[in-house]
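K.L.:
Below, each chain spelled out in residue letters.
Number of protein chains: 4
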Amino acid sequence: MLEELKQQVYEANMELPRRGLITYTWGNVSGIDRERGLFVIKPSGVDYDKLQPEDMVVMDLEGNKVEGKYKPSSDTPTHLELYKAFPQIGGIVHTHSPWATSWAQACRSIPCYGTTHADYFYGDIPCARNLTEEEISEAYEKNTGLVIIETFKEKNPVFVPGVLCANHGPFTWGKDAAEAVHNAVVLEEVAKMAARTERLRADVPPAPQVIQDKHFMRKHGPNAYYGQ
Amino acid sequence: MLEELKQQVYEANMELPRRGLITYTWGNVSGIDRERGLFVIKPSGVDYDKLQPEDMVVMDLEGNKVEGKYKPSSDTPTHLELYKAFPQIGGIVHTHSPWATSWAQACRSIPCYGTTHADYFYGDIPCARNLTEEEISEAYEKNTGLVIIETFKEKNPVFVPGVLCANHGPFTWGKDAAEAVHNAVVLEEVAKMAARTERLRADVPPAPQVIQDKHFMRKHGPNAYYGQ
Amino acid sequence: MLEELKQQVYEANMELPRRGLITYTWGNVSGIDRERGLFVIKPSGVDYDKLQPEDMVVMDLEGNKVEGKYKPSSDTPTHLELYKAFPQIGGIVHTHSPWATSWAQACRSIPCYGTTHADYFYGDIPCARNLTEEEISEAYEKNTGLVIIETFKEKNPVFVPGVLCANHGPFTWGKDAAEAVHNAVVLEEVAKMAARTERLRADVPPAPQVIQDKHFMRKHGPNAYYGQ
Amino acid sequence: MLEELKQQVYEANMELPRRGLITYTWGNVSGIDRERGLFVIKPSGVDYDKLQPEDMVVMDLEGNKVEGKYKPSSDTPTHLELYKAFPQIGGIVHTHSPWATSWAQACRSIPCYGTTHADYFYGDIPCARNLTEEEISEAYEKNTGLVIIETFKEKNPVFVPGVLCANHGPFTWGKDAAEAVHNAVVLEEVAKMAARTERLRADVPPAPQVIQDKHFMRKHGPNAYYGQ
Numbered sequence: 001m002l003e004e005l006k007q008q009v010y011e012a013n014m015e016l017p018r019r020g021l022i023t024y025t026w027g028n029v030s031g032i033d034r035e036r037g038l039f040v041i042k043p044s045g046v047d048y049d050k051l052q053p054e055d056m057v058v059m060d061l062e063g064n065k066v067e068g069k070y071k072p073s074s075d076t077p078t079h080l081e082l083y084k085a086f087p088q089i090g091g092i093v094h095t096h097s098p099w100a101t102s103w104a105q106a107c108r109s110i111p112c113y114g115t116t117h118a119d120y121f122y123g124d125i126p127c128a129r130n131l132t133e134e135e136i137s138e139a140y141e142k143n144t145g146l147v148i149i150e151t152f153k154e155k156n157p158v159f160v161p162g163v164l165c166a167n168h169g170p171f172t173w174g175k176d177a178a179e180a181v182h183n184a185v186v187l188e189e190v191a192k193m194a195a196r197t198e199r200l201r202a203d204v205p206p207a208p209q210v211i212q213d214k215h216f217m218r219k220h221g222p223n224a225y226y227g228q
Numbered sequence: 001m002l003e004e005l006k007q008q009v010y011e012a013n014m015e016l017p018r019r020g021l022i023t024y025t026w027g028n029v030s031g032i033d034r035e036r037g038l039f040v041i042k043p044s045g046v047d048y049d050k051l052q053p054e055d056m057v058v059m060d061l062e063g064n065k066v067e068g069k070y071k072p073s074s075d076t077p078t079h080l081e082l083y084k085a086f087p088q089i090g091g092i093v094h095t096h097s098p099w100a101t102s103w104a105q106a107c108r109s110i111p112c113y114g115t116t117h118a119d120y121f122y123g124d125i126p127c128a129r130n131l132t133e134e135e136i137s138e139a140y141e142k143n144t145g146l147v148i149i150e151t152f153k154e155k156n157p158v159f160v161p162g163v164l165c166a167n168h169g170p171f172t173w174g175k176d177a178a179e180a181v182h183n184a185v186v187l188e189e190v191a192k193m194a195a196r197t198e199r200l201r202a203d204v205p206p207a208p209q210v211i212q213d214k215h216f217m218r219k220h221g222p223n224a225y226y227g228q
Numbered sequence: 001m002l003e004e005l006k007q008q009v010y011e012a013n014m015e016l017p018r019r020g021l022i023t024y025t026w027g028n029v030s031g032i033d034r035e036r037g038l039f040v041i042k043p044s045g046v047d048y049d050k051l052q053p054e055d056m057v058v059m060d061l062e063g064n065k066v067e068g069k070y071k072p073s074s075d076t077p078t079h080l081e082l083y084k085a086f087p088q089i090g091g092i093v094h095t096h097s098p099w100a101t102s103w104a105q106a107c108r109s110i111p112c113y114g115t116t117h118a119d120y121f122y123g124d125i126p127c128a129r130n131l132t133e134e135e136i137s138e139a140y141e142k143n144t145g146l147v148i149i150e151t152f153k154e155k156n157p158v159f160v161p162g163v164l165c166a167n168h169g170p171f172t173w174g175k176d177a178a179e180a181v182h183n184a185v186v187l188e189e190v191a192k193m194a195a196r197t198e199r200l201r202a203d204v205p206p207a208p209q210v211i212q213d214k215h216f217m218r219k220h221g222p223n224a225y226y227g228q
Numbered sequence: 001m002l003e004e005l006k007q008q009v010y011e012a013n014m015e016l017p018r019r020g021l022i023t024y025t026w027g028n029v030s031g032i033d034r035e036r037g038l039f040v041i042k043p044s045g046v047d048y049d050k051l052q053p054e055d056m057v058v059m060d061l062e063g064n065k066v067e068g069k070y071k072p073s074s075d076t077p078t079h080l081e082l083y084k085a086f087p088q089i090g091g092i093v094h095t096h097s098p099w100a101t102s103w104a105q106a107c108r109s110i111p112c113y114g115t116t117h118a119d120y121f122y123g124d125i126p127c128a129r130n131l132t133e134e135e136i137s138e139a140y141e142k143n144t145g146l147v148i149i150e151t152f153k154e155k156n157p158v159f160v161p162g163v164l165c166a167n168h169g170p171f172t173w174g175k176d177a178a179e180a181v182h183n184a185v186v187l188e189e190v191a192k193m194a195a196r197t198e199r200l201r202a203d204v205p206p207a208p209q210v211i212q213d214k215h216f217m218r219k220h221g222p223n224a225y226y227g228q
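Chains as they are written, first to last, in UniProt numbering: chain A, 1 to 228; chain B, 1 to 228; chain C, 1 to 228; chain D, 1 to 228.
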């Protein structure tokens, strides 16, 4: 079932090592079929060079495994909460990509220092708060999702397609699995350049708001004119 | 038309990912035929691995598309202004290469700390001022070109074949598209080493002027003696 | 003799250059057969591209060469002491991997700043003390091992599968040679991210203890639920 | 003539881009035949991917070209002075490798922070002083050599097989061209780790002298016991 979606999610997963976003099995990508209410996700801890499209696991939105010989990624409950709360998104990625993870470990949101950031993320890329001891012991991965959702209470996840989880690493999303991976690549590049920008100038302010508006709107929104 | 120039511009564009200067479609190269008053530029937002020489777009110096099935790069009006203002140049490159972009995001010119820089750029690689709100809303890409030209009011663009646009990224140029890419590679390498130099010594001064003069003149000017 | 172990140790050694952990011959991997009380280790100073499985050297736990045409790695006495003191381990790796070595050169333990670290190492990755002048002149490599063992007097080497030797570089270990290399890769990645984390926030605290506990236990211990 | 030496020098030059030490043509390697008093060096400004063994230029120790269709590297007078002053060396390399060049641009010697450095360089890797205006205008490349020699007035170039030229970049040497390149690779790695070490600990002292002695002597000198 869902062979086409499995193939897409498989290919999006395989893009992670090619793009240098992951070491070993430290990442996972999922994609959802909104009509059927099912999503497809990478199995837990399987080597990327042994992964096959048919190894992808099919889950429903109650968290039940619908198909698959493997256990799904241990982060599946996080993906599930995000799919339920953000109906606009079709794919989710989690990685430990080194620059984004370094910001997460510093518990800092990434300020928008330039147009590379503004082309994809409108404003700061937020760092979600740490989970409480209770949230961790009770249902860690599910609560990770709920804390992300809390972080986006007043943000549109389409305008800011990613988040840092404190002391952990990034999640990104998009209209499908491929776009979610694209945003994970952009986040890593933006995180790297923001870190270097701060080292070149300790008191550097964010890019002027008009530049941020211009670039985000040049690629998104009703008057976008970038691309074909 | 302009098949040879299209091929050159195509190859110069393809050199950007090979040299690690771009992620996805974040860059563009153009080249000009001064006799005909036409320039050739990469189409907007087309994947590098799908790009073909015949996809290059031909533009005239009034900004009209003369030939091409695709829309030209969204940065085309910037290239156009530079070609009009700098008659000595034959090729232009724009990238978001990470080290140069970090300097641009810090709104800092790159001081000349050594001979690698002095071999190609005479003095600072300047960071152009930010555009005003009016300049952004009115004709953003065209005004980006005009602000670069303003930055070079008292500089020779042949001696300083590149610039940083504040909160955005670098433009470089050269006698043709290939040399413009060569200068983009050099700028990225110089930007990286200058950042590291400052971290090794907080109060580091620029290289002595005599060294800067010697190295620039060793490769350029009437008594150049580098190369064959 | 020990053909299978030699093959495993050979493959683990060859993984070091593939993973970017070593330059030239700056590393060595060994693996032990506990039943026979023999371990297999890389020969000293042989180029990786000339190495063959049959070049591996077989040693006993008194430090005698049992088989092999080459001299064993000069670090063999360190491996020997670790095998004797840590009966739970089956493979050992030494490298000069650049980020871990930079921490070692700074004589600093690596604090646990996030889940990537906590997934593999429980608490700080310790930096062992420098050897005394006497320890160096007397039996340098053996005493390197004894100082590591001293560092783990109150630590379980299974929970913290690696160490930094002051002004030198890292050793890691695991249940076999392959896992020891896996932990060397993780250590390098964790060392890199910890350094960047500190630059992004000078006063950054370690990750909350509950997060460290949760992640280590998610992958290790009786209730582990990561992987298949 | 000197076909074998040309082949060695050619191969040593080709190792520079493979090891990531150079961009474009920013480097050169030479090797000397001490019996004949002739050295072989890379031609100036020729692309590495077009270089052939027969393109190497043969020079005598008075600075005359003895054979070769190309002009020799513009740095030839520097190599010449070093061969005359340091009779123990058989090969020389110059690069603009990024980490070593960053130290050179900071006009700083590289302290010995650990065993990776001590295995190859005994004590600091010195940064030579800047040339005076007169030295630059008179015979720049020759005087670069003389200033290096001045730097080694009280140092043995066999124990410290490399130097940084202020605001310029590194030179390394060895018993032949291949060893000189090996030392250039080591210098770049050591320069990188030393920079990172200082960022991890601002007041970091050099490695204890006993460690420096032990490691240098383990690989060099009459009682060396590293390797086969």
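One should not assume that every hint holds.
Same chains, same label: a pair holds when it works inside one copy or across any pair of copies.
The list that follows gives simulated cross-link-like pairs (lysine-lysine, DSSO-like), each with its CA atoms no further than 30 Å apart [unchecked claim]:
| no. | residue 1 | residue 2 |
| --- | --- | --- |
| 1 | K155 | K84 |
| 2 | K155 | K50 |
| 3 | K155 | K219 |
| 4 | K214 | K153 |
| 5 | K71 | K142 |
| 6 | K219 | K69 |
| 7 | K214 | K69 |
Rather than coming from a laboratory, the hints here were simulated on the basis of the structure.
K.L.:
Hint by hint, say whether it matches the structure.
P.N.:
Taking the hints in turn, this is what the structure says about them:
| no. | hint | in the structure |
| --- | --- | --- |
| 1 | K155 to K84 | within (16 Å within a copy, 43 Å between copies) |
| 2 | K155 to K50 | neither (38 Å within a copy, 35 Å between copies) |
| 3 | K155 to K219 | within (19 Å within a copy, 34 Å between copies) |
| 4 | K214 to K153 | both (24 Å within a copy, 27 Å between copies) |
| 5 | K71 to K142 | within (16 Å within a copy, 45 Å between copies) |
| 6 | K219 to K69 | between (41 Å within a copy, 20 Å between copies) |
| 7 | K214 to K69 | between (48 Å within a copy, 26 Å between copies) |
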